[in-house]
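**Q** All chains should be built: construct the whole structure from the sequences, respecting the hints.
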Amino acid sequence: MRVILKTKPRAKPRIPIEAEEIIPQNFLRKNDIKIFEGNKERSLDDLFFVTREGPAVSPDQVEVILTGDTGVIKRVGEYMNAGRIIIEGDIGMHCGNFMSAGEILIRGNADAWLGREMRGGRISCEGNAGHYCAAGYRGEKRGMRGGTVEVKGNAGDFCAEYLSGGEVIVHGNCGDMPGVEMRGGTLVIGGDCLRPCGNMTGGTCMVFGQARQFLPTFRRNGSQEAEYAGKRYRMNVFRGDVANRGKGTLMVRG
Amino acid sequence: MRIEDVVCSFCGCLCDDLVVEVEGTRVINVENGCTLANEKFMGDHRLEAPIRRSGGKWEKVSYEEAIAETAGILLDADRPLLYGWSGTYGEAQTIGVHLAEVLGAVIDNTSTVCHGPSIMAIQEVGHPGCTLGQVKNRADVVVYWGANPVDAHPRHMSRYTTYCDGFFVKNAFRERKVVVVDVRETESSQVADEFVKVNPGGDYAVLSALRAIVRGKRDIIPPDVEGVSREQLFRVADMCIAAKFGAFFFGVGLTMAPGKNKNIRNAIELTEELNRHTKFTISPMRGHWNVYGSNEVFTWITGYPFAVDFARGIAFYNPGETTSVDILRRGECDACLVVASDPGAHFPRACAEHLARIPTVQIDPHVNVTTHLSRIQIPVAVAGIDAEGTAYRMDGVPIRTRKLFQGRYPDDLEVLEKIYAIVKEAKG
Ligand code: SF4
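Taken in order, these protein sequences are the chains called B and W. By the count of the working numbering, the first sequence reaches residue 620 at its end, each step adding exactly one. By the count of the working numbering, the second sequence reaches residue 435 at its end, each step adding exactly one.
A couple of the hints might just be wrong.
[What the hints assert, rightly or not] Straight-line distance between alpha carbons at most 27 angstroms, and here's what the computed BS3-like set of lysine-lysine pairs gives: (1) B:Lys406 with B:Lys396; (2) W:Lys431 with B:Lys378; (3) W:Lys431 with B:Lys613; (4) B:Lys406 with W:Lys434; (5) W:Lys425 with B:Lys406; (6) B:Lys378 with W:Lys434; (7) B:Lys507 with W:Lys224.
No lab work stands behind these hints, which were simulated from the structure alone. These figures come from a predicted structure and were not determined experimentally.
**A** Next up, the structure:
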């Protein structure tokens, strides 16, 4: 089944929409998908032109396509566990929160907290991602735990904060403090970043561009080769952060 | 009339030893207060009556009219924001939270632009804190990091640290070591025993280096960390380890520097590390008078200290998303109620511009920058002068403030209760 959701014009277009019910499984079972526009509850039809094409017997046969002014729609794909969501433009915060399976493809940019505390599945963002991409919620001790987040463009600050499992690949640059408090999983940064991996206790981070304002609490631990985008690079390897237990691995291109 | 033991309602120190002389409905003299306190008590620039913007001019309106129109604006909004709260007392803040819940609004306080990151760090790793009394009586090493108490909390040093003798510190000026860490020299750094000048944005690295030193990993420290020499880092770390009782105080120079809550987390973890060797505590230098109280009140009622979003009927908290600056910058909210604060003066330009675009109502005794962005302003009594209530000192100690005279203005609580009653009736 293919569900196409095209946004309708709104009187107050900057008021955020919260749409955690836009997940493939709900289009199979639920007839009354509820969405919030600010503090007002709306139906799907209030905010979208909805087109349904073809049948589906299980959620993984459902593909949801969002088009139009989608940059202020938050929480699309939250707790998603099957199927596919394609966003033709930008998407608001918290896209793919806690998702455990399925796939989200964003053709534009994603706002902050993309794939927050994700457990499994795949998110691909063809544009840039905002701050806290693949990170944890406030006060949470574990961020993303499984699955893959791939960002073709840049990511903002605190990317992969508290990363505990899974893989985060940012092909462009990251902002300040990627991999801060990281404790597991893999973070790959194709471009440059600032102050990577502060207070990390585990996991592996690879920076193929420049790591600026490198923290003084990482201990050099030889070098090794790593592959990125089909090429092999010699990487300087560091162990840290020795401000705490220092069991993480940070590799920076030599 | 001379009134003793008056509580100052300006900064987070809440000095409770002021002596104030009152004549009718005016304060004519303040003893023991700093310059900030004198100006707060004796400044007399109150707005006389409620005002409403009409055709590019201000017109006076009655309290009833202003209150009814404010309630109407909030009821019409799809994403109202209730901001401020730190200049008023706990009882009024409580009504503010209930109002936000009934409206489905976002309620936020001034921590959003000061110590919000401190609270976020405390939520991650806890808070090894203590009262100011403990510091006064016990601390032999005091570190001010990114704070300039001489200017911002003028009596902090004389009531609790450098110039104040304590039970176990008989001659504070000689026995207490004071370290100031900042990006530039300040009046506070001039009275310090050790001044550590850090490159702007370099605090996180310096804190990480100090943590590593305290953990015994001295060999890893490079000769220079963000403008601070290895020797000075060793000296400061040794001074802290050798302390009988140490106290960190940090200001917005640390909370608002790049890294924000991660800086504070690093400082807390340094404090924890020092506690393997001696007794060390850490406390934020809260600025706006009862900002600590607003965090307390919000937390009692909602579970969250600031930036609480009731849009979905339940409390949701996510600084960066539900914080006022972010909501205003993104142009999300369609009405704003400002209580006991001046965001027009403190927020980025884009936020002030949005406040001017939407119906903004201000409840505040004085004409300030936000007045010029507002549609309605309702003047009220000043907390701690002609209104009484409970406020929290920067170390979390609640103190009851007094009403020094009966003025002609209603207080925040009265006005907010009337708005709440109208909203509650409309919502059923
Ligand atoms: S230090 Fe703060 S509380 Fe004390 S008198 Fe000055 S302004 Fe008032």
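**Q** Decide, hint by hint, whether the structure agrees.
**A** Checked hints:
1. B:Lys406 with B:Lys396: holds (20 angstroms)
2. W:Lys431 with B:Lys378: holds (25 angstroms)
3. W:Lys431 with B:Lys613: Between Lys431 of chain W and Lys613 of chain B the Cα gap is close to 55 angstroms, so the pair fails against 27 angstroms, i.e. violated.
4. B:Lys406 with W:Lys434: holds (13 angstroms)
5. W:Lys425 with B:Lys406: At roughly 24 angstroms apart (the allowed maximum being 27 angstroms), Lys406 of chain B and Lys425 of chain W satisfy the hint.
6. B:Lys378 with W:Lys434: Holds, at about 22 angstroms.
7. B:Lys507 with W:Lys224: Given that 27 angstroms is the threshold and the Cα spacing comes to 26 angstroms, the pair holds.
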